Amino acid sequence: MSAQHAVNGTLPPEPERATLEGRNKVLGFWLFLGGECVLFGSLFATFVALRDQTNGGPTASELFQMPIVALATFILLTSSLTSVLGILAMHRNKLAQMQAWFIVTVLLGAGFLGLEIYEFVEYYHHGHMLTSSAFGSAFYTLVGFHGGHVLFGVLWISLLIAQSYKKRLTVVTAPKFYVASLYWHFVDLVWVFIFTVVYLMGMVE
Amino acid sequence: MENHMHGEANASTSQPKRVHRHTGVKNHLITFAVSIILTAIAFIAVASESVDRNTLVPLLLILAFVQALFQLYVWMHMDQKGHGFAALGMYSGAGVALVTIIAFVLWVWW
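Top to bottom, those sequences are chains R and B.
Take 1 as the starting number for the first sequence in the working numbering and just add one per residue.
Take 1 as the starting number for the second sequence in the working numbering and just add one per residue.
Warning: the hint list may mix true and false statements.
Claimed, not checked - Result set (BS3-like, lysine-lysine): computed pairs, CA atoms no more than 27 Å apart in a straight line:
no.	chain 1	residue 1	chain 2	residue 2
1	R	Lys25	R	Lys94
2	B	Lys26	R	Lys94
3	R	Lys25	R	Lys166
4	B	Lys26	B	Lys81
5	R	Lys25	R	Lys167
6	R	Lys167	R	Lys94
7	B	Lys81	R	Lys25
8	R	Lys25	R	Lys176
9	R	Lys176	B	Lys26
10	R	Lys94	B	Lys81
11	R	Lys166	B	Lys81
12	R	Lys94	R	Lys166
13	R	Lys166	R	Lys176
14	R	Lys94	R	Lys176
Hint data in this document are derived by calculation from the structure and do not stem from the laboratory.
Computed from a predicted structure; not experimentally measured.
In isolation and in its complexed conformation, chain R is listed as follows (with noise of 0.2 Å):
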């Protein structure tokens, strides 16, 4: 019933949903996110099993520095809602306003590599590395799986933006922006339960 639409030149409200084929993609999304969850709490549960077994090396208290992990989250959780106004626009049909929008997150997430780079350069150098204790293999493998996710929502966003340039604001496009920023959405719900988890209850003992 809603095809025509992309035809017409108008753009409906929700463009995401307007075809069959956009929400198959965002339902399917869901589910791959699902998996992610189940992904994500097997390396928690492994982190919160293993998170004391230092070997000898600096303990999690020593470890972490609590300014450049509020910066960090501060950064994330600003790019979750550059993100979300990057749709809203999309909704309103304002192709200029949803590129900037998503070309902030794109920065906002560029950053936060950015500082979790210094970050783990630091810990190398007080001698936290991957295979220097089970504490050390358990850290890389959650955070830095979470750095990776974040590192393929930017590549991917930054892609989606070029090729907005040329395909602009269609029911095509549109699906793949609202599942992009879905993925960002769930990084961010991930680092929620990563500042807590991981670092500030690593600085409570």
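Given chain R, work out where chain B should sit, using these hints.
For chain B alone, coordinates are given in the frame of chain R:
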């Protein structure tokens, strides 16, 4: 799909239940502000070292879960109609994750 009966005709105000998505900037800004406040509470609670450890850990977890629900329901729009399967997928995944975490914690620490 019974919930896709919205066309251009009723995109403004005739169908309140379906429309708040398009007017939700304020809603999202409020959620963002609350998220920042909850995060700040979590960080301050740890930094000030004034909260007893046995209450601090549950407090941090509760704050995280509230934030997670914000992400899912406000920003990822799971509060809206037609997200039944999405919720099923997420809660199945979260359920498996939770069971795994509980199993590991019990296995290693008790």
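Hints, one by one, checked against the model:
Between lysine 25 of chain R and lysine 94 of chain R the CA atoms are separated by roughly 22 Å; this keeps the pair inside 27 Å, and the hint holds. For the hint linking lysine 26 of chain B to lysine 94 of chain R, the alpha-carbon distance of about 18 Å falls within 27 Å, and the restraint holds. Of the supplied pair hints, the one linking lysine 25 of chain R and lysine 166 of chain R holds, its CA atoms being roughly 22 Å apart against a limit of 27 Å. Restraint check for lysine 26 of chain B and lysine 81 of chain B: satisfied, since their Cα atoms lie roughly 20 Å apart, inside the 27 Å limit.
Proximity of lysine 25 of chain R to lysine 167 of chain R is assessed by CA-CA distance (about 18 Å); at most 27 Å being required, the pair is judged to hold. Restraint check: the Cα-Cα separation between lysine 167 of chain R and lysine 94 of chain R comes to about 14 Å, which is no more than 27 Å; the hinted pair holds. Taken as a hint, the lysine 81 of chain B and lysine 25 of chain R pair is honoured in the structure, with Cα atoms around 17 Å apart against an allowance of 27 Å. Taken as a hint, the lysine 25 of chain R and lysine 176 of chain R pair is honoured in the structure, with Cα atoms around 8 Å apart against an allowance of 27 Å.
Proximity of lysine 176 of chain R to lysine 26 of chain B is assessed by CA-CA distance (about 25 Å); at most 27 Å being required, the pair is judged to hold. Taking the CA atoms of lysine 94 of chain R and lysine 81 of chain B, the gap is about 24 Å. The hint holds against a cut of 27 Å. A distance of roughly 33 Å separates the Cα atoms of lysine 166 of chain R and lysine 81 of chain B; the hinted pair therefore is violated under the 27 Å criterion. Restraint check: the Cα-Cα separation between lysine 94 of chain R and lysine 166 of chain R comes to about 15 Å, which is no more than 27 Å; the hinted pair holds.
Our distance criterion of 27 Å between C-alpha atoms is met by lysine 166 of chain R and lysine 176 of chain R, whose separation comes to about 14 Å. Only pairs whose Cα atoms come within 27 Å are accepted, and lysine 94 of chain R paired with lysine 176 of chain R is accepted, the gap being roughly 16 Å.
Hint 11 alone, counting from the list given before, is not met by this structure.
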